Amino acid sequence: MVEPVANETANDNPADSRLPGLLEKLDDGIRSLRDAAAFNKPARLPRVLDTAKRVLLQDGGCAAVEERAEQLEEAGVFLGSDWATPQILVPSLTTHSLKSPEPTTVVIEALSELRLLAVARGQFLHPLISEEQAHHYLTQVLAINLALLFTGPSEAERETQGRLAKVPRSLLQHLADRIGYEHVIDRLIDEIWRILQQRPIQVDPVKQMITQIAICQANPEIDLGISGQGADRLVSSLYGPTQACREDPGIEVFGERLRSMDAQALQTEATGFARAMHDTGLVSPYHAVLLRHLMDQGDHLLAEALGLSSTGRDCLLCYRELVKALIREAVHPTTPQAIYGLGLMLERGIMYQPAVAPSLWRQIALPLSAWAQERLYMAHGNLATPRALLLEGVLCMLGQPLGVGQGNNPTCQSARALSMWAFNDPDYLLQMVAWAARDDEIIMHFEGQRISSRESLIGVASELPMDLDAVSLLVVPHLDRIYAEMGRRCVDRPGDPHRWVNPEFHGWWSGRGFRINVDVETGRLVELEDFLRHFYASYHPYYNGNQPLIHPQPAGVAVTDSAARFIGWHAITILRVAMDPDDTIRVYFFNPNNDSGQDWGDGVVVSTSGNGERFGEGSLPFEQFASRLYIFHHDPLERGELADVGDDELKRVIAYIRNSWGAERLPAEQLQADPGAAARH
Amino acid sequence: MEKNPSKGYVALLGWSLNAVEAAEKFDRRYIVVAPEWAEDYCKEHNIPHVPWDFERLNDRSMEIAQTLQDMGVDVAVPLFEETVEWAGAINSVLMDNPRLLGQSMLMRDKSLMKRRAQLGGIRVGIFEEAHDREDVIRFLKRVNQTLLKLDGDPNDPIHFKAFDKAGCLGHRVIRTPDDVDAIPEEEFPALMESHLDGWEFAVEAWIHNGKIRFLNISEYVTLGYSVFVPASPELEHYRPQIKQQIEKLIRTFDIEFGFIHPEYFVTSDDEMYFGEVAFRPPGFKVFELLERVYGFNAYQAMILCFDPKATEEEVAAFFPKEIEDAKGHAGCFGVYPRRRVVSRLEIPEETEDHPYFESHELTPPPEETVTKRTAFGTHWGLVYFTGEDPHQLKDLLKKQEDLDFYV
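The listed protein sequences correspond, in order, to chains A and B.
Residue numbers are given in the working numbering: position 215 of the first sequence equals residue 240, and the series is strictly consecutive.
Residue numbers are given in the working numbering: position 385 of the second sequence equals residue 473, and the series is strictly consecutive.
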């Protein structure tokens, strides 16, 4: 076990003399919290948290808190919060809480991690979580927050957290020292692969994590043991995917090497880059240098470097001038992901749709408004020109329609719309981008009435979202306002406004038929069986005449957390319903949330790979999906009759609902059938 | 805690979580009499509770006394200024002693209180009642004429206190006619007092069977900003005289039991001047400070002294020895934002890093624009300190006035 470095230097630092005094105060605080009557605990808590914060700011503070983990928990620090049930905590949420500007959030998160550390090390026998679970959880936390271990506070963190930014850093340092780095790296690698399998458009966070691993591997002070073997493919995909750039020589040197290569050598380089790119979805800056070099070297090398199949190559040859123009404008060492987007776009064959090629020519020449340039600059800096950034974004969105993410914003509707258009109606998407980026205005129509994004000032998001890909960055603010305005025009209509808004907002192909199983007034479930039978009849191949889904359809799900508790309503797209490799009928859908692989509790875990998913799809067995669905659209002219679904199957679906978000929403008559529930009423 | 039915049954008037908790953990039965909004909370946490609207005074007022009497309650304990006369009224019924109501009315009217003190031979400053702004101007002029000031000399200030408000609420310092214009209509009628240059301090005294059972001196560092307990040795030096003063006060106001919180000045010639007296727990969380240094719960002490069934021995055993048993000194500072526009709470590093710094109860700013401070006592939250050396503590508290907690 490596002892924390801090302890060895403890006596050199004058600040350390503060720790004993602070610990005395902390112990007083813990005692006072422990002795408080249950109803007065909230009043005593702030003092404990504030003192704990000051302890954590001291060297050796984490170890001192870890020693007090059991007393803290018994005193009631976590009572009434999610942290009271550590078995349901989600590691990925710690990134937000540890970066919170709110000291209370940071501190309680830190206390919880240190408590789990005590559990993982067998010092604290916790009634709700085992040693192994705690250990597993902490390795995930470390993996996800690895950046905090190796980097000083960013400007943003300094601004929002001040000296508080030291707390998550010393916390993670302490965890890593205790748990060992070797556990962390392998978890992190798995996590990166899991995310990459969904092929997100935004890869900056992943790139950062890979960079952290590379730094970690290069640091002789960190003993990785035998771990980290799997990282090579990731690290090399960014820093040296081929022979000619294996040692990460820098762009200049690599460019010189390319100039002295013959066709054979270039062919090898092209194949190597293409393989690395399609393997990970990540593109190395060297790849951009190669592609630009190959512009004058013949089309087959270009096709090779993009890793195209016969479909893509055909498309490239058909539109060679356009493709070259796109490469010239969009592909730079600072915008390498454009290559992946371009390659996949060519593979999709969408350029054969008559309006797409001319739309792309417009995009290449598109003048950007000052506001659009400003936003691109604010979000992505001046690594590339705003035009190149936007073009890269456009290529990626057209190539990876299911890689769109909403960022940390409540704009799932807008992200879903963008994804749907990129998937289903690419020239319409390009039209939207042109209006937004050039004119700062998008006009849509709602039942014949004109809605301008300029005139509707308030959207769902209260602040302008920044953590988005280049296209979303410019278009989402407009879509969000229009979407909110459409909602406002429905306020005096009874029932759920999505009935009218969804088809008008997303496109003609969204079914005008609409089913919802929640009564908007009371929040209770209504006509549940009919709803499910209708859904089966519309979507399930056994009940709809084996008709594959034609257009992507908007749908609404009730999202639940890993303890199956209701979190909120969420917009998704149903993409297809098909049999998976194990002969289970699954619903494949797009979730605009950034990571589709979510645990919705009660055994309902959204899968993102291994069950026949295409990149970016999430999937669930049909029954489980039906149990979280609350809104779907259908064609009112088709298949009016309800499916004759077996009682057993319906019961299973309803049981999933009852065990999760429907627990308190099921109508009264069904509760009366349940003697336990009836007795309570 | 297990309740002892042979001991008294007390009613707490007003909602204070710390008081409820103290009662919950004391061996006496209790019931909380609080506004209806506290009802759900009490039910949820099994806190015995009778809803009552203290703001409504009408012919149903007898009802609450009757209700408590029927329940077997022995005494009502006021927790806030607004419930002092309710306690007096209720106790006059429960104890069959009409004098208690009159006594509580005295405590609620700053002007009557002063007159009564004066009649008892207690020194008070010059004071007068004000019904409108003209009264205030006249008093300001007259006080300054008495002091032989000429027109144009800067005025000596006068103090203006709304009649029935607790502590620093509605307490203004008036120097100029402009200050007079700034007094809102609803603060009249009010008491005006001449300003005494001296050392202001407060006393907390627990009384049982007409005798002082525990006397604490709270030293103000700056009125309306900071206080600490027990007082510095320089002020404690006056303890025998202060004790005499309090005994005089008890006789004058005919107090048999309970708790009082008077304020005094001691002037440069060692003369004590009476400011005012309250019959309820002090503001600025002095009870919490006392618990911090002495370890006894001041609310429980209050319940004990009100309880007619409490015995001599029990009371004697409850209290620690003044000064001797204190573990250091504890003080607190009331934060008021110094800037006009603030965006966040940021505890100054020199405060947070000071070994005496204990905790704070500040919350993020409720609004960005800070309203101008008009009277004392509208602080945004308290910061607590404890330490061995009273002089260091005093300097530290004083220092806080120059720091920004909201930036």
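It is worth saying that the hints were derived from the structure and are not from the lab.
One should not assume that every hint holds.
Claimed, not checked - Examples of chain B residues lying across from chain A (beta carbon under 10 Å, computed):
no., residue
1, LEU105
2, LYS113
3, ARG117
4, TYR129
5, HIS133
6, VAL138
7, MET183
8, PHE384
9, ARG432
10, GLU438
11, PHE445
12, THR451
13, PRO453
14, GLU455
15, GLU489
16, ASP492
Only a predicted model underlies this, so the values are computations on that prediction, with no experimental measurement involved.
A virtual CB, placed ideally from N, CA and C, is assigned to each residue, including glycine.
Point to revise | Violated hints, by number in ascending order, as checked against the structure | key: 3, 6, 7, 8, 10, 13, 14, 15 and 16
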